[in-house]
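Start from the sequences, fold in the hints, and give me the full structure.
Chains as they are written, first to last, in the numbering used here: chain A, 12 to 281; chain B, 339 to 894.
Hints listed in this document are in silico derivations from the structure and should not be mistaken for laboratory results.
In this text, all values refer to a predicted model and were calculated from it rather than measured experimentally.
Yeah, the Cβ is synthetic: ideal placement off N, Cα and C, and Gly gets one too.
All the pointers check out, no bait thrown in.
DEER-style ranges, computed between Cβ atoms:
id : chain 1 : residue 1 : chain 2 : residue 2 : range
1  : B       : 684       : A       : 214       : 46 to 54 Å
2  : A       : 164       : B       : 626       : 52 to 60 Å
3  : A       : 36        : B       : 684       : 43 to 51 Å
4  : A       : 156       : B       : 380       : 50 to 58 Å
5  : B       : 676       : A       : 108       : 21 to 29 Å
6  : A       : 151       : B       : 694       : 50 to 58 Å
7  : B       : 677       : A       : 222       : 38 to 46 Å
8  : A       : 46        : B       : 684       : 28 to 36 Å
9  : B       : 829       : A       : 151       : 39 to 47 Å
10 : A       : 241       : B       : 684       : 51 to 59 Å
11 : A       : 151       : B       : 877       : 34 to 42 Å
12 : A       : 46        : B       : 694       : 38 to 46 Å
13 : B       : 829       : A       : 156       : 49 to 57 Å
The lines below spell out each chain.
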Amino acid sequence: MTADTLQPQRDPALEPEIKDPIILRVEALSLWYGEKKALKEISLKIPEKQITAFIGPSGCGKSTLLRCINRLNDLIDGVRVEGDIVFNGASIFDPRIEINALRKRIGMVFQKSNPFPKSIYENVAYGPRIQGIKRKRDLDEIVEKSLKGAALWDEVKDRLDESALGMSGGQQQRLCIARAIAVEPEVILFDEPCSALDPIATARIEELMQDLKSQYTQVIVTHNMQQASRVSDLTAFLYLGELIEYGPTERIFINPMKKQTEDYITGRFG
Amino acid sequence: MQNDEKTSHASLYGGDRGWSERFGHAFTWLCGGALALNVLLVLGILSLLAWKGFGYFWQEDLVEFTLKDGSKVLGEVWEEEIVAATPEHPAVDRLRLKIGNRDVNGLDFVWIDRADVVSRREPKDVVLLERLEWGNFHGYLREIRRGDQVLAQGSEAVWQQLGPLLATKEAEREEIHALEKGAIGAINYEIEKLRLAARRLEISGLPAAERERRQAEIDKTLQEREAEFQQLADRLFQMREALTAETLVAATASGETKEIPVGGIVSAIRPDDLGVLGKLALQGKRIRQFVVDDPRESNTEGGIFPAIFGTVMMVFLMAFAVAPLGVVAAVYLREYAKQGLLVRLVRIAVNNLAGVPSIVFGVFGLGFFVYLIGGSLDKLLYPEALPTPTFGTGGILWAALTLALLTVPVVIVATEEGLAAVPRIVREGSLALGATKFETIRKVVLPAAAPGILTGMILAMARAAGEVAPLMIVGMVKLAPTLPLDGRPPFLHLERKFMHLGFHIFDVGFQSPNIEATTPLVFATALLLITVVTLMNLLAIGLRNHLRRKYAGSAV
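What follows is the structure, encoded as structure tokens:
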């Protein structure tokens with residue numbers, strides 16, 4: 012209560028008006044790596060079926076924030092979290108929550124493509140198998156649907172049994188997207204998904220993200236400001252672990268409210 | 339302008355760097371030279387083994403020497419030696435001959451002085467008889483007899499008849515062998531089982547009436563079996579009689595005649611009548627026999643199949659034991675244990691385990707596996723056989739487990755490296771799909787690390803195949819009557835003792851009653867051991883490459 016009363020009215024630079032339903036709410040989230048505070052009281056709301064981008068210079072905490080959402084930071088020793096993230100009305104830090112079930116609902120695509128050393132088919136079928144789907148027919152269907160969803164089906168349908176590691180970098184990244192959507196998550200987190208790709212492969216991934224928008228909420232961390240402006244609906248600018256500005260992408264890029272944001276997007280530092 | 343150019347070149351060829359450049363060249367040569375030396379060493383070992391090993395199976399011509407004193411010596415020239423002159427003796431040029439005829443001469447080899455040789459000849463009709471007992475016979479054929487009846491007389495006639503006769507004798511010998519190993523072996527086995535059943539009954543604590551009833555049953559079966567055994571034994575006796583019905587009369591070089599039962603002759607050749615091709619064929623045949631036959635004459639003759647079998651089986655048992663043990667331990671160390679002082683200490687301890695002298699492992703195996711576990715197993719499961727131990731004595735299982743302990747550090751280290759090489763991001767990819775840590779390790783990390791694990795297994799198997807010392811006290815023997823795997827249930831007899839190529843080398847080379855004759859066997863057996871280890875490694879390497887191809891471009 013006190014916190015609410017102490018807070019000034021709504022800060023338009025940090026709390027944009029959002030009409031769509033909110034699927035993820037980050038509430039005063041702080042995170043420490045040992046002694047070092049990497050995230051400082053971050054609060055933001057992520058709307059459903061939109062693309063939200065986190066931008067900021069290296070080490071600003073954008074990837075850390077992203078990895079909090081599916082609790083992948085749990086794996087790192089010495090990480091401590093305060094505050095909360097509410098997903099569909101429930102806290103993800105609630106001890107009763109099944110962490111594997113959470114990760115099934117919040118998928119992730121990584122900076123470097125990370126297909127498993129298995130066949131293309133087995134990569135996509137991996138998640139559904141973990142969920143207990145065993146029937147070959149069901150798996151076939153899921154694999155085809157997911158690969159089609161990731162715009163990869165036509166390229167690989169004749170070589171599903173070949174190793175995924177023989178694909179090109181862009182194909183591997185799309186395979187990772189197919190793998191993520193095979194378990195039918197609600198949210199997909201992208202951690203700099205194009206940083207290792209050439210412009211053409213990047214364009215395909217961005218296109219794919221637009222296609223996926225009708226079904227999934229997407230959160231993307233990117234270094235590349237053009238990419239953020241091209242793909243996202245909302246953009247959050249983080250700097251040194253703090254959320255500096257959050258709002259509709261267009262406004263952030265055309266009319267930033269904070270000086271730091273302006274400096275960063277105009278390329279004066281970063 | 340010109341000046342400028344010179345300066346820039348001068349900095350390229352730089353005064354001070356010239357020295358380090360030259361030193362760099364020398365260093366490259368040094369490294370290359372060291373590698374070349376290593377390669378040369380390996381090639382040297384292999385060619386020595388191959389030369390000496392194959393040489394053992396090569397048949398030289400038999401030469402008849404007539405000496406000054408009128409005596410004749412017939413033998414194969416093995417080496418020539420010049421003994422340097424001393425103040426007391428002049429230099430001597432002497433030859434070492436393998437003369438065979440151990441039953442006549444008492445020894446296989448003699449030295450003769452070249453100066454004493456009056457003449458030498460290589461008679462075409464000299465024969466070399468390979469016998470089941472007393473080693474080879476060198477001499478001339480005289481006649482074949484059956485009882486008092488003379489079947490053939492004269493060198494040529496006897497030679498003509500001997501071939502077919504030897505073939506029938508070999509068939510008869512095989513029949514006897516089959517009877518001994520088959521029917522008679524089975525009955526012996528059953529009788530032994532009945533004896534144990536009776537003993538079990540005795541210590542069972544059943545009511546006396548019941549015990550007597552069952553004892554009567556056992557006695558009845560026992561009597562039937564013994565009657566059957568008697569019949570078979572009679573038949574065996576007749577077959578043996580038939581086998582020794584014919585005798586071959588042959589003369590040594592010095593004219594002494596000798597009667598040799600034809601049934602005891604394995605093969606007859608006329609080495610001086612054989613061309614190079616014939617000798618090559620003979621060499622091939624001998625190598626084949628060496629690999630597939632059982633040993634004879636306390637391992638100095640015959641083949642070494644049981645030793646090959648024992649080595650391979652022991653190594654595979656070891657692999658089955660060490661793979662899960664090492665992999666699970668490494669997974670815990672790398673994936674689950676909290677990386678701290680304790681884990682570091684454990685890791686150091688594991689690495690140092692690889693440096694413990696292998697005989698110490700043998701002692702541990704004897705104390706722990708054989709006496710403690712084996713002894714307890716005997717009390718629990720085989721009380722009727724006591725005081726004869728079943729598992730409470732050395733056996734192939736205990737040997738394999740002892741070697742598994744010896745090689746587990748290799749597997750742990752290789753597995754840990756394989757696991758460490760699986761990128762974190764791949765694990766996270768699996769976790770991000772909702773897989774648990776265990777599912778991630780089982781389905782993603784371990785398959786990706788499999789080639790690395792197999793590399794460790796290859797090293798472990800190579801080490802295990804070459805290890806002899808610890809085995810000598812946990813179940814390896816000079817001569818095992820039965821293989822640890824045969825046609826009688828339960829087929830796999832893990833409690834049995836076994837033969838091993840490594841020990842065989844030591845045994846034939848230095849423990850043999852006839853060392854001069856068997857020393858060359860050391861090289862042949864060593865060559866075989868290397869071949870067996872190489873084949874096993876090739877198998878594992880093939881498997882690894884298959885996995886690598888399957889996960890082409892995988893991290894490890």
